[in-house]
Each structure stands twice: as structure tokens, then as C-alpha cells.
Amino acid sequence: MTTPSVLTPTVLTPSVLPDEARENKRLFLLRLWIVLTLLLGGNYVVWRWLASVNWSVWWISVPLVVAETYSVVDLALFGMTMWRSRRRLAAPEPLEGATVDVFITTYNEPVDLVLTTAQAAENITYPHRTWILDDGDRSELRDAAETLGVGYVTRGLEWAGKPRHAKAGNLNNALVQTTGEYILVLDADMVPEPQILHRTLGYFSDDKVALVQTPQYFNNVPRSDPLGSQAPLFYGPIQEGKDGWGAAFFCGSNAVLRREALMELGILGYVTATEKAVIGRLKDARGAVRRAMRRASDAPTRSALSDTSRAIAVALAQIANGEPIAEVTYVLQSKLTRLSSEAVSNDLAQIAADLDSLGFADHGISAEGERGELVALLSSAQLSPVHELPPVQTTVRATDVARSEEALAVLPMATISVTEDMATSMRLHANGWKSVFHNEILAEGLAPEGLDASMTQRLRWAQGTVQVMLKENPLFLRGLSWPQRLMYFSTMWSYLSGFATLVYILAPVLFLTAGVLPVTSYAAPFFLRFLPFMVANQLLFVIASRGLPTWRGQQYTMALFPLWIRACVSAAANVFAGAPLSFAVTPKSGTRTERVELRKVAWQLVAVVALVVAAIAGVVRLFVLHSEPIGTLVNIGWVVFDLVTMSVLVGAVRYRGFSGEKGSR
Amino acid sequence: MTSFQVDEVRAGVSVIRVEGRLNMVAAPELRDVVAQAVASGRTRLVVDLSGVEFMDSSGLGALIGALKTTRQAGGDLRIASPGEQVTMVLQLSNVDRILKPYRSSDDAFTD
Chain A
1 MTTPSVLTPT VLTPSVLPDE ARENKRLFLL RLWIVLTLLL GGNYVVWRWL
51 ASVNWSVWWI SVPLVVAETY SVVDLALFGM TMWRSRRRLA APEPLEGATV
101 DVFITTYNEP VDLVLTTAQA AENITYPHRT WILDDGDRSE LRDAAETLGV
151 GYVTRGLEWA GKPRHAKAGN LNNALVQTTG EYILVLDADM VPEPQILHRT
201 LGYFSDDKVA LVQTPQYFNN VPRSDPLGSQ APLFYGPIQE GKDGWGAAFF
251 CGSNAVLRRE ALMELGILGY VTATEKAVIG RLKDARGAVR RAMRRASDAP
301 TRSALSDTSR AIAVALAQIA NGEPIAEVTY VLQSKLTRLS SEAVSNDLAQ
351 IAADLDSLGF ADHGISAEGE RGELVALLSS AQLSPVHELP PVQTTVRATD
401 VARSEEALAV LPMATISVTE DMATSMRLHA NGWKSVFHNE ILAEGLAPEG
451 LDASMTQRLR WAQGTVQVML KENPLFLRGL SWPQRLMYFS TMWSYLSGFA
501 TLVYILAPVL FLTAGVLPVT SYAAPFFLRF LPFMVANQLL FVIASRGLPT
551 WRGQQYTMAL FPLWIRACVS AAANVFAGAP LSFAVTPKSG TRTERVELRK
601 VAWQLVAVVA LVVAAIAGVV RLFVLHSEPI GTLVNIGWVV FDLVTMSVLV
651 GAVRYRGFSG EKGSR
Chain B
1 MTSFQVDEVR AGVSVIRVEG RLNMVAAPEL RDVVAQAVAS GRTRLVVDLS
51 GVEFMDSSGL GALIGALKTT RQAGGDLRIA SPGEQVTMVL QLSNVDRILK
101 PYRSSDDAFT D
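Same order as they appear, the protein sequences are chains A and B.
Per the numbering used here, residue 1 is the first one in the first sequence, and the count goes up by one each step.
Per the numbering used here, residue 1 is the first one in the second sequence, and the count goes up by one each step.
Since the hints were derived computationally from the structure, they do not count as laboratory data.
What you are looking at is a predicted structure, and each value in this text was computed from that prediction instead of being measured.
One or more hints might be untrue.
Computed cross-link-like contacts, DSBU-like style, restricted to lysine-lysine with a CA-CA straight-line distance of at most 30 Å [said to hold, decoys possible]:
| id | chain 1 | residue 1 | chain 2 | residue 2 |
| --- | --- | --- | --- | --- |
| 1 | B | K100 | A | K283 |
| 2 | B | K100 | A | K25 |
| 3 | A | K276 | A | K162 |
| 4 | A | K25 | A | K434 |
Label pairs and their computed distance ranges (CB to CB) [said to hold, decoys possible]:
| id | chain 1 | residue 1 | chain 2 | residue 2 | range |
| --- | --- | --- | --- | --- | --- |
| 5 | A | V66 | B | E84 | 57 to 63 Å |
| 6 | A | A313 | B | T87 | 28 to 34 Å |
| 7 | A | I351 | B | T87 | 16 to 22 Å |
A few chain B residues that face chain A, going by a derived Cβ cut-off under 7 Å, partial list only [to be verified]:
| id | residue |
| --- | --- |
| 8 | S58 |
| 9 | R71 |
| 10 | S93 |
| 11 | K100 |
Yeah, the Cβ is synthetic: ideal placement off N, Cα and C, and Gly gets one too.
So here's chain A without its partners, still in its complex pose:
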């Protein structure tokens, strides 16, 4: 379940279809405003770079102007998203006679909660089969599933000792055991409406549609949404905008997928990965064999190694020639076995000759005849003197076409990230499949009810998104159109905001306490460029959000800056240095807390103290040292804005869970 955007306000619009003419007019005005805002933004940032960077304090001036540039680029990507943001017309008539599997993924959620969802899934009116995908392998849940008459899937023996790939692995495991043409994926807490399939299956009458995503809505969130749980801007205008560019994302739950598309993804991925792995490993093995040959002192070893080297060369040439890899690797394996038996036969002949010459007539050791089985036994991979040579072992490993390091050879759901959903839809799009965002709430779930759990969830989304950006950057992914690339990149880019926020906090603190001025002018040239841009920017959000509140989302985007920074740093360490991510499943219940979790927001507290001290220092400097008044005023205004934004955390740490008063839908 991913909410890639960190803009998460509170109330959803009712699901009514807009009239066409009014919608066109709205979009025209919105586009006009986007152009205006970006022109003002461009004007401001160009002036900043060319005419107002205080190079004498470059160590803060440059980070500030870079942060501002980051924000303008972010705004440009947002503008592009909104350019095509419009509601789809009524959903097409559902397909007739389609087969559907409903997957409910669970790991450690309470059995009751899973069963409530399973019962609601059973009540979906379109014919289907319901499956509980229990990654926790709980016998209690297995029994309950049987009583309810729904399918139950858990990991089999083939997963022992293999990477489990969390939810992606859970889904892949179920995909190979089920048969429906379409798959509705639901998180354990997402209770579906009976008509969910009727409303979504119609889109698949277009043969190229692989995904229909619907919004994720949480029914345990009060109107004030203290934790910023709802994401109506994302599951509304933003996804509609991405949809307009042919890039609506898969968000892990409340979505219907086409099995054929997923399997195709798995197959193509398998072939590419296997070809790459076999060639790469064979080349490594060739190098290892050559190095060992140079060191080998005895003739038999050298000869065995030189034969191995020749066999590898032949195999590589055959693969380059287009011969099927399973065939080539099997032949190579057989050659290695033959080398072994030759070596063993030679050894045995030598032993027999030695024994003969010593006068043991009846030793029975022979390399031929019925004793051939002795050769076979001694030349098996476990006992063979040739296979004992490390470079030969490397060669044997190179012949693996079965993805032995994985439980399954074919992995339809992408496993490169802890947010498998975004990575999977990106690959679907790259393979030419289409996606749809259907903006109607058809399932309701539970949001975390404590700041701790909420932050865990956001950390995972951010880490996963940054992981995908670093491992499979959409800007360079073949098969995606440029708008699609930018739509994926836009979400990734927004997760880099933590660094910009840090600079936005440091800059006023440095000015107010030490008089360090990163901008050469706080006079008219600054205001004339900055203020119109800022006003246009805020209004753009108002217009684009169609009356949805966006303030809570803006607050969390800023207030959680240490979390975003941590996500970027840990994801980079994971991708480049293989450091493990502190991965956690977001708890769905029992997430309330009775303590005030100040530890969780320690960095924010430091920032708040610094900002308050800076504001006081600024006032003192103004009156005592007669520092520059306009600059001081601008920076105090800036500090106040930062403090108001971060005040969201006061409500968050004091929040004690949902008590019943619902936000409207």
C-alpha cells in the first residue's frame, strides 16, 4: 500500500460525475494558472541564480538556491501532473464471464480483522474466488478460512531458506497456485463494497489494460486527521493527472490486475535475468579458471582446468550465437561430469596398475566393465576430484538457469523494492500495458492510530520509492513514454524534500542569530519576484485540489523532514552498500499509544527550539545592533511559517486514537 505523495489532506469529495463543459472550463483555467505560476517561478529562480546569490557565504547560499530550485522543479512536475487531471466518465459495463481471484494479503493482523475483510470479499456480487494469503502461516486463520469457505494460501517448502520478498513474495506465491484471469488485491484491513468488481472490470474490455486502481480510504480517521492519514489529493487529482498521462500507479491494495500482464512481466524478467546471470557468471568462472591454471602445479589439475576453460569458451560462444541457454548450460554440465569421470578413470587405472605391480592380484579395482559404477560414483559432483576445484564449482554454479537463489523462477511482482506496487506498475507500463485510475471509494480500511505506526508506514513508502529511483530509474527505463517517466520521477523527486526543508530551517536561523545573509537583496527586486510567485503557487494548490484540503499534507511534507532524509540515506545505503532496511510491517490495529512520543520527533524539537531562539535573537539584534530591518522581518515571517507548519506534530503526539467521530466522505 503506497501513498507516494506526502500531500495528505482530510476530506474526500463525493463521487459525482462532473458535467463535461464545466470540467473543460475548469481544466482550461487550471492550465492557464499552471503556466502563470511556472513563469513566475522560473523568473524568480533564474534571478536567484544569476543576480542574488551571496557567494561570500556560499556554504549556505548555494544550498539555499539549490533547495529553491528543487522546489520549483517539484512545482513544475506537479503542474505537469495537474495539466491532464480530470475525472473519467462513467465506468464501462463489466466484462461477462470473467474469472476473478480476490487476494487478501495478511502477515500479522488480528484474525478477526482478516475475517471481516474475507467475509466482505465473499459478499462481492461478481462471481469470484476469495483467497486469504497468510504470510504468518497461522493454523487458526487456516481453520477460520475453511469454515468461511474461502481459499487459504501460505508459503510452501520451496521457500525454506530463500528470500521471502514480503508482500511481493506473498502475492507471487499465490499467483502460481490460482487461476483467475483478474486479481483483486486487498490489504487485510481493506473491506470491499459488494459492487467493487462490477465497477472496475469493464475497463479490461480494452485488451491492453493491465491495472485498475481505486482510492484507499480510511474510516478510522477523525475530521481533523491529526496524523495526515487520508490522501484524497493523491487518490484524486494526482492519480487522475498521472492517469491522464497514461501512468496511473499501482498502490498495492484496492486494485484489479490482469494476470496475463503480470505473468508476462515475470517471464520476460526471468529470461532477461537468467541470460544476464549465466553470461556474467560464465565470464567470472572463465577468469577464475584461468587464474587457477596459472597457479596449478600438477599436470592433471592443469589439464582438467584447461578442458574446463575450453568448455566455458564454447558455451559462451554458443550463447553469443543465439543457442538456447538451457541447452548450452546442460551440455556444459555434462562436459564437466565427463571430465570428472575421465580423471577418476585415470586415477583408478593408475591405482590398479600400482596394485598389480605390487602383486595384489585380486584387488578388483578397475575403471572399466561392471566397475564403471565406481567411476560414476566417484565422479559425481559430491565426490569428484575435478568438482572439488573451486573454479570448477564456480563454473557449475554458472550453469544455473533455475534461479536457484529464489524460491520461484518466475517473479511477476517486482521484488526490487519494499514498495513492490510502484515498481510493478512501472514495469507494466514499460511493457506497453495501460492502467486506469477509477476515482470511486470501493473499499475502506484502517489507518494507523499512533504517530509511531504512521511514521513507520511513511518511512517504508519513502524508502521503497527511493529504492526504485536508485535501482530502476524511470528516466532511463526503456519502453516508458517521456510523460510516464516524468510521472514516476515526480513522485520520487517529492521524497527528496527533506534536504530542502533542512536548508529552509537553517537559513533563517543563521541570518537571525549570526547575520549570515544568503540572498544579496531583501529589497524591492526580491519582493517583486518572490511574492507574486508565492501567491500564485499557493493558489495553484487551491485550484488544483478542487476544494480538497491540502494544508495537512503540506504540513507533514515539511514536518517529517528528518524521516524523509533518513529514508533517502538508508535506501541509498541499501542499494549501493547492501545495508539492510529496517523493514517493518505497518501494524493495522493496536497502534494507539498512551505515551507522548517526543523521542519520535526529537529532531523536530531541536528545529523548533532553534527557530524560536533565532526569532528572539533576531529581535534583539534588530534593536540592539540595528541589523537590517527588512531582512529580519522576512526571516521572522519565515520562522513563523515554519513553526505553524510544524505545529501539526503537537496534535499528532497528543492523538490517542480514533473515538468515533468520522470525517465525511
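Dock chain B against chain A, hints included.
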């Protein structure tokens, strides 16, 4: 309905003849048939595709799963006599880069 017939043609080599559609419905069945064969020691398998009129990605997935199962048991999986549609699917999916389609199940294990 899709049917699977397993015959041991000679020592260590068994042929699985698939009749019908090798699609998402039949894929888990093929997976089970292969698992049973390998469990009973038949690790060198030929999947005879001459009777398959239609194959999809799930069918391909089952073939690759079968390759994994047999290789891990020290054997191998070969495919034989694909028809026109099956050959096209093998090419489009690039699976022909991995598996070689033999002309007949007799040719599949000459080594």
C-alpha cells in the same frame, strides 16, 4: 479441459503429453504433474506440446517452473513439437532464448 499423460519412454526419460489449452487454468495442474514425476524419481522430462492448441504466459510460467524443479533434482526439462501458436508465444516471450523446442519428443533426449 486440458489433459496430461505421463509415459516413461526409456530409462530415466518420461514424456508428458499435454492436450488442450496450456493456460492459466492448466498451469497449476502441469506444475503438480511435474512435481509428482520428479518426486517419483523421473527427473528427465519432455513436455510434448503437439496437442497444445493455445498457450499463454501462465503456461510459459509453468514450463519455467518445471525447468527449475527438474534441474534442482539433477535432471532436465525439454520441450518438443510446439505448434504454430505455441512457437509464436515462445518467440514473443523470448523463452526460446532459454529453452530449445525439439522437433519431436524422441529427439529431445539423445544425449
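- Does the structure break any of the earlier hints, and which numbers would those be? 2 and 7
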